[in-house]
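> I would like the entire structure built from these sequences, with the hints used as guidance.
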Amino acid sequence: MHPIDIVGFNNFRIFNDQQGFLETFSAINLLTGTNNSGKSSIIKGMQLLKNSVNANVFPNELDLTDQEHLLGNLENLLFNKKSKQLMISLPFNFFGHRYTYIKLSYAVLSSDSYKGKLRKMEVCDRRNNDSLLFFEYRDADDLDKTDDMEKYQKQMQEYEVQKDDPSLNKKDFWEMYGIFGRPDENPLEGFVEWRVNSEKLHSFLSETLVFYKFYLEEKRNAKWLEWVDGVAEEKDYSFIPSVIIKSFRSDANIDKWEKFVDKLKETDIKEGKLKIGEREFEPDEVFFPHRSIERVFFESSLEIIRDNLIWRDIETTDEDYTKYNVLENTFKKSWEVLKQRVQSINYLSTVREQNVRIYNATLNSPFINLLKAYIPLQHDPWSFLNTYLKAFEIGKRLEIEFRLDYQLIFVSVIDFNDEKRELVDYGYGIKQLILLLIQISVLSEKNKRLIHDYGEEGEYYMDYFDPCLLLIEEPETNLHPKWQSLLAEMFFEANKKFNIQLVIETHSEYLIRKFQNLVASEKQSESLIKIFYLRNLGAIEAGRTQVETIVIEEDGGINYEAFDSGFFDESNNLQLSLLNIRRDSFMVEFEELKKNLEENDDKISLLEEKIDEYGNRTDLERYLQHVALIFNTSKLNHITVDYLASGQYLLHNIKEGTDFSPVILQYGRAMENELKKLFGSVHATRKWTIGVMQGSLEKFKFGINRISACCSATEYNLLSTILTTIFQDPLTLQIDLINELREKRNDVAHPGLIMQKEDAEQYIEIMNQFLSPWSDNML
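In case it helps, our numbering puts the sequence shown at residues 1 to 779.
Don't take each hint at face value.
[Unchecked claim] 20 Å max Cα-Cα, derived DMTMM-like pairs, lysine to aspartate or glutamate: (1) K372 to E445; (2) K339 to E122; (3) K163 to E185; (4) K120 to E271; (5) K200 to D262; (6) K496 to E445; (7) K154 to D144; (8) K200 to D125; (9) K246 to E336; (10) K701 to E740; (11) K273 to D125; (12) K372 to E401; (13) K333 to D125; (14) K744 to D659; (15) K273 to E122; (16) K270 to D164; (17) K448 to E493.
Because the hints were derived from the structure by calculation, they are not lab data.
None of these values were measured; they are calculated from a predicted model.
Right, dumping it as structure tokens:
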């Protein structure tokens, strides 16, 4: 379970008040896309949440008073200025439900533009966005208040009659009217409107009851429970076993659980309205401030659960236990867990102090605190930080000297010559990289704890890293592409080794490509890394969405078409598309092999051999080298060379017996690209068809053209001149092969026509006969 596995923002900066942003996060999350598309809004929104928890006002308030994120006031945050509410969605595993999240709506008041006030809560199932629990505070209007006063006056009239009735005593009045023994004058201020989806709650609690019975039979140690959590996640169960077990003070009473679940079947939806009067806002003690609406709203929501979802679980006369309600307690625990999850968010910011040689230790800044936290960790030569200092070719180790008597801190890198070099002497990119390494190292140590337990093999100890989240903005800034790729390895290890969830804003295609390779080579689950491609809401092309979620699949494949044009260059587009072709072809081949092989001892080894065989053919560089052996590639257009290399790739990777048409198409595109390069010199803006280009060249070489298509007389004269300036002897070009190559290429586009490997190889041979003298003849 990640610290933040779902997050949403509505009416928040670039995200509108309708669809907004609502996405499920993975272990490593890359935010990329166009400028002003919302990447930084997500980072800053999560900073805002962390600040609100630090200020001890969450969830009742959103606190913008700490302006490290530079968000300004709440009015500045609103997408729709007319709607004075913004909404944030966060994970909320109510009673261990894996897929529940909570929507929190905050009012933006003119009286305090730096603090959003909680006014609505809704617990939803993210699989279908169905509502499970709903609470909303609403101010009473004049009509509501008039109705409430009339009800009170009517009660008083009834009371005046009843108090003269000799058959009624004080106890009777207490039972009718409460502790005051008379109607309660508590003028109306507002309501908490609520709704419970009893049908959905019944379904979920019935499912978890089955597991809990199993747990009571199997009770094991913490390691077993961790294993069960892993199985539940792998099998996509709707609950988290450990959270359910921790929802009870002791072993749950199964009879009471079953009775409560049966009672839920009586109605599909329970709903109502709780009155909020003046008395609810009175201070707890003398000299205390009056209660706020948001505090009263939150406490009233707990009261609604306590009084309408009655599941006591324990029979006792103890007053604390008598008030105890399983679902109310679970709701409160879910809040505490959410606070801890938000508290685990960390942000690496650009720090001003880094541009001096000596740092003032008395400053209570994030940077200074980070340096102090690393001091006791710096003596491990094999530490994560020192390992990557060497990998990035920066130096051997980091040295931080803290002079207590002067309260000064000195930061240096010990280089490969064992000489000191102060941090300030490095470029911006390296300094930020070193700070990132410090941050990861400090987080790993802070979150590490030793687990002591007993298992089947006796007593054991193990290091465990509590999960946390690190927000990082553009770590690739001012770094060489090689080091941008190495960043991916560093992040990959930080996540795997230290349980650090990462949210990274980036524009680096090198980082993305390296993550693809890591997923493929490490054979990781496709859920490990997600890419979120964001677009400016005002500049979205037809058929596109504001947010595209792109998963890196187990073999490294991604849907590169989800990116807008220009994000990857042409060569990267080609490589990404080939990666997808390889993936699809291999999966079909592999699954077919699995089905066809007999069940025997050799099956696994044969499957492994097939994977190894396939993996050995995935280096595109090999095919570029192959093309260079056949043609003078320095004379050919680079896109032509890419087409030829991809054709070779496909030839060696498409399964025997299937359609090899893509090979012919790629080789045909290579020829067409060379012809277009030539005819672009004749007329740069004309759309040249291969037929016209063929006819024009045939006329040049043979005096006649076998097809009617041909360029104009003026264009033909210019073509004749250009041919003699580009080629040594243009009349030796194999122009007569163009017709056969063109027709064969067009044929493969017809449905139902399957090209065998021999057909592709024959086409390649003819194409070689055409392109070899073409490239060799160029001046």
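> Are the hints correct? Go through all of them and say.
Structure-based check of all given hints:
1. Annotation: proposed proximity of K372 to E445 holds, straight-line Cα distance about 13 Å (limit 20 Å).
2. Between K339 and E122, the direct Cα distance comes to roughly 17 Å. Compliance with the 20 Å bound is thereby established for this hinted pair.
3. Taking the CA atoms of K163 and E185, the gap is about 17 Å. The hint holds against a cut of 20 Å.
4. In summary, the hint linking K120 to E271 is supported, as the alpha carbons are separated by about 15 Å, within the 20 Å threshold.
5. Restraint check: the Cα-Cα separation between K200 and D262 comes to about 13 Å, which is no more than 20 Å; the hinted pair holds.
6. With a C-alpha separation of about 15 Å, the suggested pairing of K496 with E445 holds against the 20 Å cut-off.
7. Distance hint between K154 and D144 is fulfilled; the C-alpha atoms sit about 15 Å from each other, no more than 20 Å.
8. A C-alpha spacing of about 10 Å is found between K200 and D125, which places the hinted pair at or below 20 Å, so the restraint holds.
9. Pair hint K246 plus E336 holds up; C-alpha atoms about 13 Å apart against a cutoff of 20 Å.
10. Only pairs whose Cα atoms come within 20 Å are accepted, and K701 paired with E740 is accepted, the gap being roughly 17 Å.
11. Between K273 and D125 the alpha-carbon distance is near 23 Å, which puts this suggested pair outside the 20 Å criterion.
12. At most 20 Å may separate the alpha-carbon atoms for a hinted pair to count; K372 and E401 meet this at roughly 10 Å.
13. A threshold of 20 Å between alpha carbons decides the hint, and for K333 with D125 the separation of about 18 Å falls inside it, so the pair holds.
14. At most 20 Å may separate the alpha-carbon atoms for a hinted pair to count; K744 and D659 meet this at roughly 14 Å.
15. This hinted pair checks out: K273 and E122 have alpha carbons roughly 15 Å apart, not beyond 20 Å.
16. Straight-line distance between C-alpha atoms of K270 and D164 comes to about 39 Å, which puts the hinted pair past the 20 Å bound.
17. Proximity of K448 to E493 is assessed by CA-CA distance (about 16 Å); at most 20 Å being required, the pair is judged to hold.
Checked against the numbered hints above, the structure violates hints 11 and 16; every other hint is satisfied.
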